[in-house]
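> Take a look at the letters that make up each chain.
Protein chains: 2
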Amino acid sequence: MDDVHANSGCRMPSINFCSQCGSEVEQKIPLGETLLRAVCPACQMIHYQNPKIVAGCIPEWEGQILLCRRAIEPRLGLWTFPAGFMELGESTEEAAARETLEEANATVTIHSLYGIFSLPHVSQVYVVYRAALQDLEFGPGEESLEVRLMSIESIPWEHLAFPVIRETLRRYVEDVGTTHAQVHFGTVSPSRRSVVNSSASWLSNGPSPSINHPAE
Amino acid sequence: MDDVHANSGCRMPSINFCSQCGSEVEQKIPLGETLLRAVCPACQMIHYQNPKIVAGCIPEWEGQILLCRRAIEPRLGLWTFPAGFMELGESTEEAAARETLEEANATVTIHSLYGIFSLPHVSQVYVVYRAALQDLEFGPGEESLEVRLMSIESIPWEHLAFPVIRETLRRYVEDVGTTHAQVHFGTVSPSRRSVVNSSASWLSNGPSPSINHPAE
Numbered sequence: 198m199d200d201v202h203a204n205s206g207c208r209m210p211s212i213n214f215c216s217q218c219g220s221e222v223e224q225k226i227p228l229g230e231t232l233l234r235a236v237c238p239a240c241q242m243i244h245y246q247n248p249k250i251v252a253g254c255i256p257e258w259e260g261q262i263l264l265c266r267r268a269i270e271p272r273l274g275l276w277t278f279p280a281g282f283m284e285l286g287e288s289t290e291e292a293a294a295r296e297t298l299e300e301a302n303a304t305v306t307i308h309s310l311y312g313i314f315s316l317p318h319v320s321q322v323y324v325v326y327r328a329a330l331q332d333l334e335f336g337p338g339e340e341s342l343e344v345r346l347m348s349i350e351s352i353p354w355e356h357l358a359f360p361v362i363r364e365t366l367r368r369y370v371e372d373v374g375t376t377h378a379q380v381h382f383g384t385v386s387p388s389r390r391s392v393v394n395s396s397a398s399w400l401s402n403g404p405s406p407s408i409n410h411p412a413e
Numbered sequence: 198m199d200d201v202h203a204n205s206g207c208r209m210p211s212i213n214f215c216s217q218c219g220s221e222v223e224q225k226i227p228l229g230e231t232l233l234r235a236v237c238p239a240c241q242m243i244h245y246q247n248p249k250i251v252a253g254c255i256p257e258w259e260g261q262i263l264l265c266r267r268a269i270e271p272r273l274g275l276w277t278f279p280a281g282f283m284e285l286g287e288s289t290e291e292a293a294a295r296e297t298l299e300e301a302n303a304t305v306t307i308h309s310l311y312g313i314f315s316l317p318h319v320s321q322v323y324v325v326y327r328a329a330l331q332d333l334e335f336g337p338g339e340e341s342l343e344v345r346l347m348s349i350e351s352i353p354w355e356h357l358a359f360p361v362i363r364e365t366l367r368r369y370v371e372d373v374g375t376t377h378a379q380v381h382f383g384t385v386s387p388s389r390r391s392v393v394n395s396s397a398s399w400l401s402n403g404p405s406p407s408i409n410h411p412a413e
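So the sequence lines, in the order shown, correspond to chains A and B. Per our numbering, the very first residue in the first sequence carries number 198; after that it's consecutive. Per our numbering, the very first residue in the second sequence carries number 198; after that it's consecutive.
Derived from the structure by calculation, the hints contain no laboratory data. Just so it is clear, the structure is predicted and the values come from calculations on it, not from any experiment. Cβ atoms here follow ideal geometry from the backbone N, Cα and C, with glycine treated the same way.
A short list of chain A residues far from chain B (calculated; beta carbon distances all over 10 angstroms):
| # | residue |
| --- | --- |
| 1 | Glu-270 |
| 2 | Thr-304 |
| 3 | Asp-332 |
| 4 | Leu-342 |
| 5 | Ser-348 |
| 6 | Glu-350 |
| 7 | Arg-367 |
Computed footprint of chain A on chain B; a stretch qualifies when at least three of its residues, placed anywhere within it, have a C-beta under 8 angstroms from a C-beta of chain A:
| # | segment |
| --- | --- |
| 8 | 241-252 |
| 9 | 271-285 |
| 10 | 288-299 |
| 11 | 312-325 |
With the sequences and hints as input, model every part of the structure.
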């Protein structure tokens, strides 16, 4: 559910009318602020627009991970881990588990935070967890053509749906085989260079190393 | 800027009119979805509402942290670390640094992720970083009465603005003095029990321990 919305890569639509009273809005900088906002001249409501959270997880089972092949545009036919827009009234963990159930008919236990990635060009923030698949009962939900448990070696790198999926899985594969904790954060851009850091040992007090690499 | 909006604790306002064309919306479940949405019968636009991200940081300087005393409602006169709503087109790290500049006139270098906390009761997600204060030039911005560098021992526990601020700082104080990495995640509720986990060593592959404690 809500996956087209989550992954359409759309910018925020402009606000022309007040969603409260239906009046035509004005673009102005409210008192005490610095940015232009859509403000209703009739009821004074300020219509803020903010980035959206895409919550997802990497479901694991005995060294393999569960990926879904998209049945919907954009990127129909390409692979992703389960992820979608967070809904009102839920936590990011609940959102990640719900999306996994919807897209892969799979039940997971969220057990650790994997990373948080900003996509400023589409005003989205991905929050990605690692999760334990509870059993081998899974299969394509409405938005998936196919759901498959894959070894690290068989990840279809050339057929991943979005740069942030590739970036997350690339790091995941790097991390497998290391023995220290890593939680990643940073910015993923669509066509230039992404910068992702790791909060591996935050008590070291120094800046984390920046890792630059080409993203598609 | 935008801090009243960030911390007002408000639920999302209902949508009565289409922000695109001004028509009165209908509440219906769109095809392929499961939740009621505000849908425009004229232009077919679906108006999604999603949780908002509050980005903040704990600015550090030689064992002390920078806190701000709020000059605005709600919780006027109470203490918080710098935090506020993320804007379109920025990363969570940029948002945290910007809020620190606005609220405390302080320049920081974000160096590690501290935690991500869901507040489902107000549909907010706090993303909190640790940051290095670049120098001792700071002072109250428009939304602060006072900005002070404090030792861990002098955190005003009885005068913190929000449960999520208390929860974050409580964990922060616990972590100081330990030597292993911790990135926290979980849910903070206003009046019942909060559940926060840590992704300290995600390669352990087991579930993180849940820690329950009373929150105000």
